[in-house]
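Undergrad: Sequence:
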Amino acid sequence: MKIKEKALPLPANRVYLSHTISEPAFDSRGETLFYVRLVNSRRAVIRQSLASGLAQQVTTEPLPKGGVGYGGGIFALHGETVVYAAEDGRLHGISLRSGAQWKATPAFEGVAAPAISPCGRFVAFIAEQGGRCNAFLADLAGGSPPVKLSGDPWYAFNPAFSPDGSRVAWQEWDSTSMPWQESRLQIARFAVTTQECGQASELLPLRTTVLAKRHTSYASPRFSPCGRHLAFTSDETGWRSLWVADRDGRGARRIETGEGEIGRPDWVPGLKPVCWAGDGRSIYAVRRHRARDTVLRVSWPEAATTEVVGEWTSIEGFDLLGHHLALVASSPVTPPALVTLNLRIGDCAARATAAVGTIDPRPLAAAECISWKGPDAETVWGVLYRASGAEAPDRHPLIVHVHGGPTSDKPLEWDAQAQYFATRGWHYLFVNYRGSTGYGRAYQEALNGRWGEVDVEDAHSGALHLVDMGIADPKRLVIMGGSAGGYTTLLALIRHPGFWAGGVSLYGVADLFDLKEKSHRFELPYEETLVGGLPESAEAWKERSPLTHAERVRAPVLLFHGTEDKAVPLNQSEALADAIRRAGGSVDLVVYEGEGHGFQKEASRRDVIEKTEEFLRRVALRR
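Take the position in the sequence shown, starting the count at 1, then add 124; the result is the number in the numbering used here.
Check each hint, because a few of them may be wrong.
In the DSSO-like style, the derived pairs of lysine-lysine whose C-alpha atoms are separated by at most 27 Å in a straight line are [stated by the list, open to error]:
id, residue 1, residue 2
1, Lys725, Lys189
2, Lys640, Lys599
3, Lys690, Lys189
4, Lys690, Lys599
5, Lys396, Lys189
6, Lys725, Lys690
7, Lys666, Lys642
8, Lys189, Lys272
Now the in silico label distances, taken between C-beta atoms and shown as ranges [unchecked claim]:
id, residue 1, residue 2, range
9, Tyr194, Ala224, 30 to 36 Å
10, Lys599, Glu155, 43 to 49 Å
11, Glu738, Arg676, 24 to 30 Å
12, Thr184, Gly470, 57 to 63 Å
13, Gly322, Lys666, 33 to 39 Å
14, Lys642, Gly275, 24 to 30 Å
15, Lys666, Glu155, 58 to 64 Å
16, Trp226, Glu360, 38 to 44 Å
17, Ala501, Asp702, 36 to 42 Å
18, Ala501, Glu155, 37 to 43 Å
19, Ser423, Pro659, 23 to 29 Å
20, Glu652, Val714, 27 to 33 Å
Derived from the structure by calculation, the hints contain no laboratory data. Given the structure is predicted, the values throughout are model-derived calculations rather than measurements. Using N, Cα and C, we set each Cβ at its ideal position, and we do this for glycine too.
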């Protein structure tokens, strides 16, 4: 007898037990796929046989950790060797044949983005030390001091070798900018090729050329297989685009790939939006347009562009070997999975998934990219997960979620929390407010000098748009966000009292002055672009700090924070909670021991979803 099962909301454990897959990479023979898996706050490099499906954890201790900025850029492969960035601030090498492990570099404050030379004897990487982040080169076997390639920039990112070992290129920027505001490419020619020398010091001196223009972001250098060309991204035209130059950066040519942007802001090292095919006859790139990702094939040198068809709408990492493509991909109704695609026959195979447990597709919300007009008639974008699977009145309660960054965006992707609440009768709107990326540089820069204003109004107008459409209940509107999104959440409660039924802030910014003094180095110049330079804009910094106006927070607030947060220190939420209580407001602060900027422990994530749901019931569903 066939049992008819009722479609049920997404279980909470599908939210807090899910893990993360990133940085897919083929081995040189195309027999094995490597990737990084993050489960319950522990990372590991995994290798998986494409023939048998058997997956094995390669790394043990020390644990892998990208130690620069927000992390990322964990490992690199060459033949039977893996090198990875570890939590002890070193690169470690591992023999895949014997399992032997060794220290490839001395300890730094943090290391990331290793790249192994074509000959397999050297590793380029970035390392943070003494208030700078440089590109270095070391003997992969260890034993001799690394040599510094860069000249003490504020940050260097993502070194890449040419196939003949004659050159290395990397991105870098100065202390006055973030990488998406203004950055450059350094293209360095070694004194001899890596194949011709015995140790790293013999590769010096470098002959370096620079690709740079004012107010332009250059990123993601990738040499062609023949070594004569260099692909990279640049937003010189106002859109982050694919460019190709000769190997020393001359004769740069923009490749037309249609509407949208190639690549994303370099929040973390290790991002790879561009790959050359092994024969050098095409370039593969990921383009984001109106929150949707597409893989493109660009013929070279003809520069004809075609789309690689697939069901995914979000791509978080990819690699290419021969005619096989590896992707970490998802859609609004499909959790992230590591898939391989045979480009010749179109055959697609799932190799690993970030989901835990079976997920019933029937009640899931089909997300859509939407737009509306803000108060000044400017177009604002967002991603809406409509309430589903619930017997509710015409107007549903609404959660407005503000992404972090703020220079970031929300794509059309699997979001377990959004699906959790959508399957329980909530509309869930992510606001890609002005300042978000993927919509061109002018849209991205609309937040400059106006952070705490434009984002607040775009969240407000997004909620009003759904109310005016007749689908959201104006008495049951809740706003939430993390980091910069938490900042916007707090200011929204202050600027529009009585509009929001409540707010949830996860590790949100409360005091801009305190943030400037205590936050980590990566974002040190950030707020001066977003709010204004000091000391001349000190009044704006005070006015746009939620802590200044704590007495105006009348709606209930739920705050979450970790004790080890280096980006937004815990004292920000503590000071705000105290101020709201003194003013007679309603606030709860939940602190997680050992958590940083973003919660990774399953127990913490479970507690967040449970306390958030209870809070939402109290402030919105019982009104």
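Undergrad: All hints, please: hold or fail.
TA: Quick rundown of the hints versus the structure:
Pair hint Lys725 plus Lys189 holds up; C-alpha atoms about 15 Å apart against a cutoff of 27 Å. At roughly 37 Å between alpha-carbon atoms, Lys640 and Lys599 are farther apart than 27 Å, so this suggested pair is violated. With a C-alpha separation of about 15 Å, the suggested pair Lys690 and Lys189 falls inside the 27 Å cut-off, and the hint holds. The suggested pairing of Lys690 with Lys599 is violated, with an alpha-carbon distance near 37 Å, which exceeds 27 Å.
A hinted pair counts as satisfied when its Cα atoms are at most 27 Å apart, and Lys396 with Lys189 qualifies at roughly 18 Å. With a C-alpha separation of about 17 Å, the suggested pair Lys725 and Lys690 falls inside the 27 Å cut-off, and the hint holds. Distance hint between Lys666 and Lys642 is fulfilled; the C-alpha atoms sit about 16 Å from each other, no more than 27 Å. Of the pairs offered as hints, the one joining Lys189 and Lys272 holds, with about 22 Å between alpha carbons and a cut-off of 27 Å not exceeded.
Here the CB-CB span from Tyr194 to Ala224 is close to 31 Å, well matched to the stated 30 to 36 Å. For the pair Lys599 and Glu155, the supplied restraint of 43 to 49 Å is violated, since their beta-carbon distance comes to about 59 Å. Between Glu738 and Arg676 the CB atoms are about 25 Å apart, so this pair conforms to the stated range of 24 to 30 Å. For the pair Thr184 and Gly470, the beta carbons lie near 38 Å from each other, so the given range of 57 to 63 Å is not met.
Our hint of 33 to 39 Å for Gly322 and Lys666 is violated, since their Cβ atoms are close to 59 Å apart. Between Lys642 and Gly275 the beta carbons are some 29 Å apart, a value that agrees with the proposed interval 24 to 30 Å. The supplied range of 58 to 64 Å is met by Lys666 and Glu155, whose beta-carbon atoms lie about 60 Å from each other. Evaluation of the 38 to 44 Å hint for Trp226 and Glu360 yields a pass: the beta carbon distance comes to about 43 Å.
For the hinted restraint 36 to 42 Å between Ala501 and Asp702, the CB-CB distance of approximately 40 Å keeps it satisfied. Take Ala501 and Glu155: their Cβ atoms lie about 56 Å apart, and the range 37 to 43 Å is violated. Between Ser423 and Pro659, the C-beta spacing of about 54 Å breaks the proposed range 23 to 29 Å. Separation of Glu652 from Val714 is about 31 Å and conforms to the stated range, judged on CB atoms against 27 to 33 Å.
When each numbered hint is compared with the structure, violations occur for hints 2, 4, 10, 12, 13, 18 and 19.
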